[in-house]
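Asker: Sequence:
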Amino acid sequence: MIYDTAVIGAGATGAATAYMLSRYKTNTILLEAAHEVCAGVSKANSGIVHGGFHHASDSLKTRLELRGNELIEKLHKNLHFPYLKCGILVIAYSEEELETLKVLYQRGLDNGVKDLEFCSKKRIFELENKLDDRAVGGFFAPHGGTIEPYSFVFSLVECALKNGCELQNDFKVIKGNFSGDIWNLTAEDGRTVKARRVVNAAGLHADEVSAALGGESYKIFPRKGEEYLLDRNSAGRPSKVIFPVPAKHSKGVLVIPTAGGTTMIGPTAEAVEDKNDTATTGENFAKILKLTQNMVKGLSARDLITSFAGLRPVHESEDFYIAISEKAPALIQAAGIQSPGLTASPAIGEYIVKLLQNSGLPLEEDPSFDGTLPCRNEIRNLADEKISELHKKNPAWTNIVCRCEEISEAEIIEAVRRGHTTVDGVKFYTRAGMGRCQGGFCQSKILRIISRETGMPMEKLTKRGGKSFILSGNLGDLEVK
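Sequence positions in the sequence shown follow my numbering and run 25 to 505.
Simulated from the structure, these hints should not be mistaken for laboratory data. Check before you lean on any hint, since a few could be wrong.
Calculated pairs, DSSO-like style, for lysine-lysine (alpha carbon to alpha carbon, straight line, at most 27 Å) [as the list claims (entries may be wrong)]:
#, residue 1, residue 2
1, Lys138, Lys378
2, Lys146, Lys314
3, Lys138, Lys154
4, Lys275, Lys98
5, Lys299, Lys275
6, Lys321, Lys109
7, Lys98, Lys109
8, Lys218, Lys378
9, Lys410, Lys351
10, Lys199, Lys351
11, Lys491, Lys299
12, Lys145, Lys314
13, Lys275, Lys314
14, Lys469, Lys416
15, Lys321, Lys145
16, Lys138, Lys275
17, Lys138, Lys101
18, Lys154, Lys314
19, Lys154, Lys321
The whole structure should be built from the sequences, with the hints applied where relevant.
Answerer: What follows is the structure, encoded as structure tokens:
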């Protein structure tokens with residue numbers, strides 16, 4: 025089969041592009057190098073829906089960020105991914121910082137940010153009583169918030185597949201040949217896909233994919249951001265996302281009430297060479313904790329449950345690079361999608377669709393398109409009457425597997441049946457293993473359910489695909505001396 029468009033990369037950009045293309049009468053395939061979608065840049069970030077005031081109005085980032093902010097709320101109503109529209113507070117902790125924030129506030133007004141409010145000291149404490157007493161003022165962007173990035177991407181992909189898009193996982197593109205107006209894309213394992221047009225949304229590896237396809241020569245620079253996740257019972261959880269005065273290459277260290285109910289502090293912003301460097305350190309945690317404790321009251325090292333690091337794919341321009349290739353035929357480049365890329369992603373998808381049309385791809389809206397997904401049953405969020413009703417139909421709904429996050433056996437079964445056959449896939453789809461014990465009590469049960477539902481032996485199950493096996497051999501086979 026020859027597809028109209030092949031989208032390389034199933035993170036937020038690729039997923040949003042596939043979703044937007046699924047609105048039309050066209051054949052699209054989404055190609056992901058990992059075993060699960062949203063396994064790279066999009067998975068490991070702050071999950072913030074940004075407000076549109078950090079970047080200048082003439083940047084592509086800003087235009088797409090503002091549009092993406094509007095689209096995310098609309099998508100949430102149709103796709104039901106977790107979304108906390110709590111607003112963003114940008115806080116000054118000195119009179120000098122307050123002067124800097126006035127410039128940032130004016131930039132937001134110039135960018136057309138809606139309902140932006142400059143706040144006195146009294147007003148910011150009315151909006152957020154967890155702030156440190158040193159706070160002197162700031163501004164409030166009520167249309168900001170947080171989402172679960174993996175749930176967001178899963179929902180976009182699921183809706184795209186529902187509307188005719190196809191997906192191939194473990195498809196790492198290593199070569200592409202264009203002949204007779206058709207791209208022939210070759211994966212590392214030898215599989216091939218033919219398409220009339222290609223979208224390069226490969227995140228950290230967009231430069232490598234561009235080189236493999238004979239496109240522009242550019243370099244993606246990884247910028248590591250370490251994040252630290254605090255228990256959902258943390259006394260320091262604010263009601264708003266708390267921003268400080270931004271730094272040169274970063275929006276600063278934040279205190280984030282996640283859409284999943286936990287509190288996140290971070291990130292760092294460190295240029296690294298290795299695109300696989302996701303290590304975190306106790307030293308950086310101590311620095312981040314100290315900085316955030318000076319911003320918000322009640323944050324404690326005792327509440328730390330896990331840490332992770334994400335790598336931002338920085339293009340040399342520091343802006344998004346989204347354009348029709350001038351070197352390779354029928355290729356759209358979508359690279360350098362760093363912050364606020366998650367917020368901007370639905371708008372990026374729209375923008376790429378327009379570029380595809382400009383490149384000659386005929387697109388006709390599909391009247392049968394259904395841009396909705398049903399609400400998922402999540403035991404932790406249901407009323408007792410609904411839980412009782414589900415139990416009568418299937419007792420697995422009240423067999424709680426993950427006690428920290430209150431995830432039932434039925435929810436895990438649903439995740440597996442939707443194609444999430446790794447521990448991480450189930451974790452990000454359901455939140456099983458995301459609580460205080462980080463899977464210490466429930467992982468063995470989850471492995472048994474995956475094995476039972478898929479027929480795969482336990483020793484073949486992986487954390488995230490590839491060779492990330494969890495079990496090896498049987499305990500009884502060990503030789504005791």
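Asker: Hint by hint, note whether the structure agrees.
Answerer: Against the structure, the hints:
no., hint, verdict
1, Lys138 x Lys378, "26 Å, holds"
2, Lys146 x Lys314, "25 Å, holds"
3, Lys138 x Lys154, "25 Å, holds"
4, Lys275 x Lys98, "26 Å, holds"
5, Lys299 x Lys275, "21 Å, holds"
6, Lys321 x Lys109, "22 Å, holds"
7, Lys98 x Lys109, "12 Å, holds"
8, Lys218 x Lys378, "22 Å, holds"
9, Lys410 x Lys351, "57 Å, violated"
10, Lys199 x Lys351, "16 Å, holds"
11, Lys491 x Lys299, "18 Å, holds"
12, Lys145 x Lys314, "22 Å, holds"
13, Lys275 x Lys314, "17 Å, holds"
14, Lys469 x Lys416, "22 Å, holds"
15, Lys321 x Lys145, "16 Å, holds"
16, Lys138 x Lys275, "20 Å, holds"
17, Lys138 x Lys101, "20 Å, holds"
18, Lys154 x Lys314, "16 Å, holds"
19, Lys154 x Lys321, "5 Å, holds"
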